[in-house]
Amino acid sequence: MGSDYAIEAEDLRRTYKARTGWLKPKRTEVEAVRGVTFTVGRGELFGLLGPNGAGKTTTIKLLNTLLIPTSGSARVCGFDVESQTREVRRRIGYVFGGDRGLYDRLSALDNLRYFAELYGVAPRDQKRRIAELLDLVGLAGREGERVEGYSRGMRQRLHIARGLLHSPDVLFLDEPSIGVDPVAARELRRTVADLAATGTTVLLTTHYMAEADELCDRIAVIADGRIQALGTPAELRHRADGRRVVEVEAYGVPESAVDALRGLPGVRETAVEARGALQLLTVHSDAHVDVQGDVLRELAGIRLGRVDSREPTLEDAYVAIVSAA
Amino acid sequence: MSLLRVLAVGTLMHVKQLSRSPFEMAIALVVPIVQATLAVYLFRSGGEQHRLLEAAVGAGVMGIWSSVLFGSGGAIQSQRWLGTLEMIMLAPRRPVLVILPITIATGLTGIYALLATLIWGRFLYGIRLDFAHPVAFVVAAVVCVVALGMFGLLLAATFVLMRNANALANTLEYPVWLVSGMLVPITVLPSWTGPIAAVLPTTWGARALREATSGGPVWPSVGVCLGISVLCLALGGLALTYVERRARAAATLALA
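So the sequence lines, in the order shown, correspond to chains A and B. 88 is the number that this note's numbering gives to position 88 of the first sequence; each next residue is one higher, with no gaps. 111 is the number that this note's numbering gives to position 111 of the second sequence; each next residue is one higher, with no gaps.
It is worth saying that the hints were derived from the structure and are not from the lab. Accuracy of the hints is not assured; some may be wrong.
Here are the computed distance ranges between Cβ atoms for each label pair [to be verified]:
hint, chain 1, residue 1, chain 2, residue 2, range
1, B, 231, A, 109, 31 to 39 Å
2, A, 138, B, 252, 29 to 37 Å
3, B, 38, A, 182, 56 to 64 Å
Just so it is clear, the structure is predicted and the values come from calculations on it, not from any experiment. Cβ atoms here follow ideal geometry from the backbone N, Cα and C, with glycine treated the same way.
So that you can see chain A by itself, here it is in the shape it has in the complex (with noise of 0.2 Å):
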């Protein structure tokens, strides 16, 4: 091994190639991971964060030996993700979020033993691993029942349960907390903090700010196929430093008033989010420049609700970066 990290990449590209048509085909390429280097030190919680299609989970396929790069090279436990997949795969373990990936018609305990089976788990050992895992992720009691009865989040701690059997040294957690309600996707973070602390490497995309601030030790920003911004999540936090952030809630806002919000003065970027009826305006601005009139002068006629000005978030730093990808 004598690497110092868990995992290492280096300019690490994929092209995505594709064909359509018959007659007269035609070829498209998609570059989704654009020269991607890090590295995660060993019992490191690392956070990789950006927006759909950004290329999170091209990243971690790539480290976790399902997709070969097209160029650049990575290596986690010291081990060449190309050439020494083997010696990889019996290192690694991955979670991906979804309720796919499991045998329906099998029990949890079946769907374990027999991943247990197939990831080298010594027989003597895999009784009580499976009881031990079922019993973190909750799931004692219900291991009898075929899988296709459980909810959502039950299958999420059983993919977890799986991902952990052979007590993989690093473990690839590719948005676990997808569709997971608030009281599971707590308990999640809590295991996955607990996994960090008694020395699992842990890399982890999510869409979730909160999840990644409270979890991560360091956070990659992807965007774009690149990385825009690496640091801990105090340093991230410091990119959105010189901003205000003015939030209001409103209902029914055309797109011209949201266009009139981008040209007032001293307003750096907006979002419009849609939550049922309501949307939220949230508007950054520079620090020394007060917004809030303006922005309600633009918003005059239409229904409001809360208006709130605050200091930035990483959120909203988030949001600063990925914008000015």
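Let chain A serve as the given structure and place chain B on it in line with the hints.
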């Protein structure tokens, strides 16, 4: 020992998974019974009452072949649809150890068809289960299933490389029944089918079962069936290693 355990546990789990699909079970049981019914009436009208047991066994073997052809041929695609393909390929094992249990499981679930046609023949048409070599019949059935599972591995590895594998599987079902002599003796077929029949493990498996049913030298057929299948296993194993690398390069492991 460890390898055998991986194969055994994998096969058991995939048999369970396949056996719990009401749709697949209905297809596996109903279609062979319909075919066996047709075969019995054909044999009766041809004045071959003494061969009705052969008709039941032949229809059962056709069921095993269908199960292997569609189950193994589509094994990789069906794992992809389940979303499990990435997870099983991530195992630190040779791809052959991951996929072989699935294809053997499709052969084993094909046994349901053989049992169904025998039970159907016994109770509906009063066909006596009077096997010439009962022990050899059981051994031949087990060898036939394992052998077709190995042949299935080659199908799984090659079908995944083809864009229209489903269409190919459909066109292979009936010709292989015919050429392998599952119902009609291959001696009545045109001579050019001989070399094709000789290299198909289905021919030798069906022949071993027929000889165990009505009398004849069972063991040479069992041996040839196993020999061809082991060759298919070796070729399938090599093809799978190539397929796995190609899928990682082309990003097709996860495509649904």
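Checked hints:
1. B:231 / A:109: 31 to 39 Å: holds (37 Å)
2. A:138 / B:252: 29 to 37 Å: Holds, since residue 138 of chain A and residue 252 of chain B (Cβ atoms, about 35 Å apart) stay within the stated range.
3. B:38 / A:182: 56 to 64 Å: holds (60 Å)
Against the hints set out earlier in the document, no violation occurs for any number.
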